[in-house]
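Add chain X to chain P, keeping to what the hints say.
First to last, the protein sequences are chains P and X.
For the record, in the first sequence the residue sitting at position 96 is 96 according to the working numbering, with numbers rising by one throughout.
For the record, in the second sequence the residue sitting at position 98 is 98 according to the working numbering, with numbers rising by one throughout.
Misleading hints may appear alongside valid ones.
Stated by the list, open to error - Reference excerpt, derived from the structure (chain P facing chain X, CB under 8 Å, subset only): (1) A91; (2) A95; (3) L277.
As the list claims (entries may be wrong) - List time: in silico BS3-like cross-link candidates among lysine-lysine, alpha-carbon distance up to 27 Å: (4) X/K301 - P/K82; (5) P/K287 - P/K34; (6) P/K257 - X/K235.
Unchecked claim - Counterexamples of contact, computed for chain P against chain X with all Cβ distances above 12 Å: (7) L67; (8) I71; (9) L88; (10) P93; (11) L143; (12) T157; (13) E174; (14) L181; (15) T218; (16) I236.
If you are wondering where the hints come from, they were derived from the structure by calculation, not from laboratory data.
Here a beta-carbon is modelled for each residue, glycine too, at the ideal position from N, C-alpha and C.
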Amino acid sequence: MLINFIEQLINGLRTGSIYALIAIGYTMVYGIAKMINFAHGDIIMVGAYALYFSISVLGLPVPVALLLTVIVCSVLGVLIEKIAYKPLRKAQPLAVLITAIGMSFFLQSSSLLIFGSTPIPFQSVIPNENIKVGPVTISSITLVTLIVTAVAMILLTLFINKTKLGSAMRAVSEDKGAAELMGINVNSTISMTFAIGSALAAVAGILYISQYQSMKPTLGALPGIKAFVAAVLGGIGSIPGAMLGGILLGLIESVSKAYISTELADAIVFGVLIVVLLFRPSGLLGKKKIVKV
Amino acid sequence: MKILNKKTIFNIAIMLLAYVLVFVLINSGILSRQYKSLIVPICVNIMLAVSLNLVTGFLGELSLGHAGFMSIGAYTSALISINTSFLPPALSFFIAVVCGCVLAAVFGFLIGVPVLRLRGDYLAIVTLAFGEIIKSVINYLNFTGGSKGLSKIPLYSDYNNFTVVFIIMVICIVLISNLINSRDGRAIKSIRDNDIAAESIGIKISKYKVSAFVIAAAFAGLAGSLYAHNVGIIKPNIFDYNKSIEILVFVVLGGMGNIPGSIISAIILTVLPEFLRGADNLRMLLYAIVLILMMIFNNSKFKANLSLNKTFRKLGKED
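Bound-form chain P, shown alone:
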């Protein structure tokens, strides 16, 4: 009973850390561009297909393929921003949101046209073995996921807090105009944010596909939406919030899947979102915004 519960928690931690990786992308983009990048979830899907394409079709060795996947996603993220979001930087939020939804649909339907709707099976790039820690069994994929996520988060935190580019990012998200006056190139900072966010989404995509081993064009939609829920839960705009929100969401999902109902798990996850927003609209770690008239 207890062992089962611990295993569920570890499962939740694994899903949660994937959500956290995606949620960081949402939160960074929201902090800097004040928009929800709906297409972010579909970057995961592009990452999964890019990995499949470079290993199964091009026959590249795994490390090269992994690197290529991350590069493809980063470039795609930057391109999306340049083509679809940049012309709307001064537009009303509704217009930007609709464009982002359009972009998400565009990515999904393009990959549907290219790869078809039948799920493609794909062998995990991480060797799958079960590791026993006392009575608890952990799969190697889970272990790798947890380690990779932890490393990515530590590197990101260091990058944002210790480097010049990181402080430029924080400055732009604080006040775009003032940052520009201080000589920060706002456009390239925004591009960099999209690149980092998409690279993290690519990593999430690789981990996700190693776990589920089957891909279809809509695979990014649900984790994307859930990661967004995680970002909102933690307080959108706050990076530690996204990490916390992602892991909490993963735990909630895995526990409700195990003990309540598989079908209702999604409903519970979204229910949590609504409740959190009603009682704490700025999320768990978010800052309260005061609107001046």
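Frame of chain P; chain X shown alone:
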């Protein structure tokens, strides 16, 4: 007053013309079965587009859960008409449609409450979450048939009963466009343009926001019940996120805050995929491109210059 009368007569003439045209088309056998079966979906989509336009175009809040309300209307009415088959069809259908509409309105109220605390992006995501919750609860429950859905729903609103569907659609359009042109409608539009200014001149924001959501949900439920009694089989997956986006595309293409626009784009985008048969994937791609290009075009300098041009100003947004 005189101009208003002229406009009303013009609108009535268009509606009668549309009705006669479709009636002749159905009964003269010009249309093939395939095209006849498109007529009710067109009406349903028009209702969905017009009601979403009330929330998105006039109130200025993005709702991504419109298909959820539609599914509530569809399931409620289908369950009622399946279980009241002992009643005369007209009565059974009437009860079913009214209940579908009312229950959808109740859920519209439930989602209208979070609306008061949230705005913009957060609200959009809550409506999305709401739609997903409805879908997975319907999937989970037993009496809704789970993922297999409901079948053998009596076909009370297929193209043979086109007149009923048409009348309901006209009522829906007339009610919403009259609402928009009334005092309450102006209040709703003022919230969209500047909610703080609207509140400072004494407009009750909460009241108008909730009522806009409730009305839109009620009409979506109505559209859903007509949909259910047209196709005969409903499944939870029909009313997913993609359906909500499809309705949003109708509204965006037709022009946010423009009811004739919504009607026209709903007609075009329902008929067009029939010509693109076998290329269903292309349809989604088309929707995506429409959304992105419309938004970029709306905010471009080209559009701004165009709306300054005298000839185009007349054709521009009606409000």
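Going through the hints against the structure:
no., hint, in the structure
1, A91, "holds, 4 Å"
2, A95, "holds, 5 Å"
3, L277, "holds, 6 Å"
4, X/K301 - P/K82, "holds, 17 Å"
5, P/K287 - P/K34, "holds, 14 Å"
6, P/K257 - X/K235, "holds, 23 Å"
7, L67, "holds, 29 Å"
8, I71, "holds, 24 Å"
9, L88, "violated, 5 Å"
10, P93, "violated, 5 Å"
11, L143, "holds, 31 Å"
12, T157, "holds, 25 Å"
13, E174, "holds, 19 Å"
14, L181, "holds, 25 Å"
15, T218, "violated, 9 Å"
16, I236, "violated, 8 Å"
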